[in-house]
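Protein chains in written order, with my numbering: chain U, 90 to 305; chain H, 2 to 385.
For the record, the hints were derived by calculation from the structure and aren't laboratory data.
Please note that the accuracy of each hint is not assured.
What the hints assert, rightly or not - Pairs of lysine-lysine, BS3-like flavour, derived with a Cα cap of 27 Å:
id: 1; chain 1: H; residue 1: Lys369; chain 2: U; residue 2: Lys263
id: 2; chain 1: H; residue 1: Lys140; chain 2: U; residue 2: Lys248
id: 3; chain 1: H; residue 1: Lys239; chain 2: H; residue 2: Lys363
id: 4; chain 1: U; residue 1: Lys294; chain 2: H; residue 2: Lys369
id: 5; chain 1: U; residue 1: Lys288; chain 2: H; residue 2: Lys140
id: 6; chain 1: U; residue 1: Lys294; chain 2: H; residue 2: Lys363
What you are looking at is a predicted structure, and each value in this text was computed from that prediction instead of being measured.
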Amino acid sequence: MIVQDMMLKNVKTVGSDTTIGTALQLMINEDIRYLPVIDTEGKLAGLVSDREMKDASPSIFHQNEHPEDFEQPVSTIMKEAVFTAHPFDIAEELSTIFYDQHVGCIPVLEDHKLVGLITEREMLYAFIQLTGTHQPGSHLEVAVKNEAGQLAKVASVLKDFHLNISSVLVYPSKDEKEKIVVFRVGTMNPLPVIEHLVKNGYEIKWPPVPGESNEE
Amino acid sequence: MKNESIFVYSPDLLGYKFNDSHPFNQLRVQLSYELLKDSGFLSANEIIPPRQATDEEIMLIHDKGYVNAVKNAGSGNLSKETALNYGLGTEDTPIFTNMHEASSWIVGATLTAAEWVMEGKAKHALSLSGGLHHGFRGKASGFCIYNDSSIAIEYMKQKYKARVLYIDTDAHHGDGVQWAFYDDPDVCTLSIHETGRYLFPGTGSIHEKGAGKGYGYSFNVPVDAFTEDDSFLECYKKSIWEVADFFKPDVIITQNGADAHYYDPLTHLSVTMKTYAEIPRIAKEVAEKYCGGRWIATGGGGYDIWRVVPRAWSHLWCAMNNIEPSGRIAEEWISRWEKEAKHPLPKTWEDETGIYKPIPRKDEITSKNRATLEKSMYSIRKSS
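Turn these sequences into a full structure, and let the hints steer you where they fit.
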């Protein structure tokens, strides 16, 4: 999945000279946590998050002190060094930035112009789609040998049973000699294919074979 | 004379058949019907034949394009690609001749049940062929073509201005009905099912609460795999009473899939006949307390058609009529079917004890289910 297909497109922004008070009000009204700041040439100048806003706001015990602070431009509190992405970057790459760099939002730029925004929420939604859990299906876990060609073998069995695969995930196993392949298949009845896989020597981690096991 | 309960049935309902190897087999409706007759629990004047639903009625829920696709599929005039876009011609819902007609009989059966109850001609009505809860507006899914439950609910809403509570105890999440009324505050859905973590369709988490005006009118209690009678019934009893008391329905419609049983091949729960004896008795009490007795019950899933479904579904009719079956099963029934049966037929109404090995994680599962129930009921409990 590429960034273009997962980003927010109608992004609220403010100019560098917008006051902190106006920007804060916009964040409250729109219920958003991140606000990109755009300079006079239309380029991304920085990013303001609710964290900068909290730092700039007085404590709730002193709410009416220094109202003049809110008249300052947002450029005084925004973060200028911001991680950004390109619309053609891929989801996996972006998730690493979120995790390694501890950021909560990545603006998407094309020719220095802001074209979209990815927050942790969009990132998570991309993973929901990758796992296929938004489509009706059954979950099938198969242990395979940790060597080339294993996924293709199991997938071809699924094909023989005319099962549409909504997603595939490969987990490392505790046993280094194997891997766990998790399929989400579009069927309510995975029994025939399970029976076939078992017959052919595969270990099915889930679901249990009917009537045989009580344990996970 | 007013019937207390009616049993909607005719052999027309048995034509919903994908193929010989498909797990969904409506022979179970006939098996249940005969078990009731052979036991002397069902008499001719209580049996009402269904009608076929009209296209207009089916389109209370389904898109016109989809209905046309089902018709064309059933007469062999639908390309494979188009069919797949409508969820037809898959392993789950293969195409069969006259699938539209067969499905409209089932919708008509559940509509007949709804009419008898809403017009006060009967207090309770049973439509065992119905309960096809996975059918979507424009797509077949999980063995279901037309969603008779959704159609009957919309019908009761429009024709009788009724507030409808739908209660689904099939082991699979009642996704089709939930999504059909997700933003509707006049229809409340409650589904108790095996967690979608592994099982089809995957949805039905406690966080699916409804949307827009319908927010707070969808309830889900996903129980853990290997849940047994006591924990399942605890979740069912508490949630049905709390939700009914919150929603104050005019009528209840229950989907009584019988696939949470230990013997069921497609799911991983461990309930026994005890649960199926209890479920309808509580549904009836709820209907009596909140709806003047108005209760429509349908079938649903159930893939051990010999050992589980006939007894479980007979309990629905027995609960409606205050019959408490126990002890030996009618000999005629056993001798008529034992040759064809894939498993030895049960000899008694109760399951024998010890049909499965004790579940090692029982306490953990019970406590997890309690926590799930608590979270699922949170929106009601905090406001009362």
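Status of the hints after comparison with the structure:
no., hint, verdict
1, H:Lys369 x U:Lys263, "holds, 26 Å"
2, H:Lys140 x U:Lys248, "holds, 22 Å"
3, H:Lys239 x H:Lys363, "holds, 19 Å"
4, U:Lys294 x H:Lys369, "holds, 22 Å"
5, U:Lys288 x H:Lys140, "violated, 34 Å"
6, U:Lys294 x H:Lys363, "holds, 20 Å"
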